[in-house]
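Protein chains: 2
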Amino acid sequence: MAKRHKIDTRPTIAQIASVAGVSIPTVSKVLNGRLDVSPATRERIEQIIEEYGFVRNRAAQALGKGQSGLIDLIVPRLDDDYFFPIIQGAELAFKETGIRLVLSSTHYTEDEEFAWIETVTDRSTDGVLLVLPSDEAIQRLSKQKFPFVVIHNQGGLPPNIPSVTITSWEGGFAATNHLIALGHRRIAYIGKNVPAMDAIERFAGYRTALEVASIPLEPDLQQEGKFTANDGYRATRALMALPSPPTAIFAGNDHHAIGVYRALYELGIAIPQQVSVIGFDNLAYTELMNPALTTVHVPRLELGRVAASMLLKLIAGEALDMPLMTLPTRFLERESCAPANITCSA
Amino acid sequence: MAKRHKIDTRPTIAQIASVAGVSIPTVSKVLNGRLDVSPATRERIEQIIEEYGFVRNRAAQALGKGQSGLIDLIVPRLDDDYFFPIIQGAELAFKETGIRLVLSSTHYTEDEEFAWIETVTDRSTDGVLLVLPSDEAIQRLSKQKFPFVVIHNQGGLPPNIPSVTITSWEGGFAATNHLIALGHRRIAYIGKNVPAMDAIERFAGYRTALEVASIPLEPDLQQEGKFTANDGYRATRALMALPSPPTAIFAGNDHHAIGVYRALYELGIAIPQQVSVIGFDNLAYTELMNPALTTVHVPRLELGRVAASMLLKLIAGEALDMPLMTLPTRFLERESCAPANITCSA
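Quick note, the sequences are listed as chains E and A, same order. With my numbering as the guide, the letters of the first sequence map in order to residues 20 to 365. With my numbering as the guide, the letters of the second sequence map in order to residues 20 to 365.
Excised from the complex, chain E in its bound form (with noise of 0.2 Å):
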């Protein structure tokens, strides 16, 4: 092989790739010591390495030189504060590469999602992190050369597909076991039919408890209600005219919460003394409504340095240890729960 100049920098896995005349998951493979790659193959990239002077460990520092040096990350919207922590713990990762963060929202339409993949691929980026894109969304990405992300996931995700999510039914289980063990036995639910994978599993969540606890699920106290404070408010006082209401509220998420606490409190009913709340998200202002509210703590600060140190990974032609990372979330106790019998008897 003939000798080449050196070139500026630490070379990208792509470069390698490009010197090589291969692709970049072969010389990812080779990287790794993995062993589907022939032996001419393998001696010319590990040949080119040895010379450019690549080293495996630095191949973050190689990023943001080379190529672009620009990250898309894309959430639904940005006037939902559930999205935020996602977006600041993305930035505290990039920042110690010197990537750049490029943000966008698609207010939840799949038009501007559609619109979005398109203007991507037209222009630079070194890879894209996605909040709950839809199906479709992943698959014309998927045709895309540059490597992603997805955080959260509306339904069925190939498995083929890196994604960071979170144990969505455990909190579900948990925050209702809960409830069970305080004596409640009407606990209502309510986000029920939520199309999102984390919302269906954490009603099946609820549901699982009470089966085992052989509390007979009441339709009623189901109620449906898109994530918002209006449809926990709508709910709860839908909830509270029943004959025989509940005397504890499983809110699908904080949003809900901060309707229910409102419902609550128009009707001069207290919490946790009447009813029982509990949340799902644990959302910044949660910690000081009043009473302070009882919720399920969903990393998001770490969901999205998790899905950002994945697509570094990735960006650089590493393998990813696993391509779906399930995150734990954990039931948090604050005040808005009471024992039953003080609570019930309405």
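Treat the hints loosely; a few may be bogus.
If several chains are the same, the list does not tell them apart, and a pair holds so long as it fits within one copy or across any two.
Stated by the list, open to error - Okay, derived cross-link-like pairs now, EDC-like style, lysine to aspartate or glutamate, Cα gap no bigger than 16 Å in a straight line: (1) LYS114 <-> ASP130; (2) LYS114 <-> GLU137; (3) LYS114 <-> GLU131.
Hints were generated in silico from the structure; no laboratory data involved. Fair warning: this is a prediction, and the values are worked out from it, not measured in the lab.
Go by the hints and put chain A onto chain E.
Below, chain A without anything else, positioned relative to chain E:
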């Protein structure tokens, strides 16, 4: 003048300036029909514009094609929901132009701010939006080649720096007057000595309202406190422990108000029956507090939008109608204030 080849897309003002060998503001002056350009220069520029087909009204479209297509937005923190609508407003404004928004935060440290300025200077950007930058950061940025717009400012801003701010004094004056009109005389303020301009102004508005009503200023009722819920809490505990506690609390911002509510909840003091409360900012959750918080609306989405469109004009080489835009705050009455005769005689 030699005939040149048509270039592919309509040129930016910068490209026209480059071809004509003049500055961008000079091209802008010609486009805006101003007279302080020599006839020869004007003729040369007009000829080039005609030749290359530049259309003034399409200046925004030309953005993001010839240039980097990137605008940097720098906020102090990503864990303070005050800033989210500003980010959202900027994103909405840029979305129409195809410009990509690069988001960074400085975590309120000057070191990070300066590091960021050095980094961005090395990289391509069409312009910068800075939220609450330090005076030193503004001075450093002024030496760079790209345009920037300041959103809020910490102190005195040189007169030539384009910036957007709000009528903070008027907001503080209106809030305090509302309490005075309800018959309150012992009105506390939390947030004295916060070093940002907006905070200084709203405190000044509070003091003026009291002076106009001939209510003596009591130092005990003026509490210091950074704009956090914890400091609002701490200040309220101190206020309610006074020999003669206030009947109304004007919280310097809504984060404070959260802490005020919490402290009063713990003390068993009813809002507004025993103490009236007003906040400042109109953060999303204040509408859903119990009782709903009376506050001063800050048009944060508009701050982002207006600053973004000012920056787009600057990038296009156009002149700004006004370098300093001041957007109106609006007093917003909800549920957290009551007449003093219900309240006091404590």
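A quick look at each hint next to the structure:
Taking the closest pair of Cα atoms, LYS114 and ASP130 come within 16 Å of each other only across two copies (14 Å); inside a single copy the shortest separation is 31 Å, beyond that limit. Within a single copy, LYS114 and GLU137 get their C-alpha atoms only as close as 27 Å, which misses the 16 Å cut-off; across copies the closest is 14 Å, which meets it. Only between protomers do LYS114 and GLU131 lie at most 16 Å apart by alpha-carbon distance; the minimum there is 10 Å, versus 28 Å within a single protomer.
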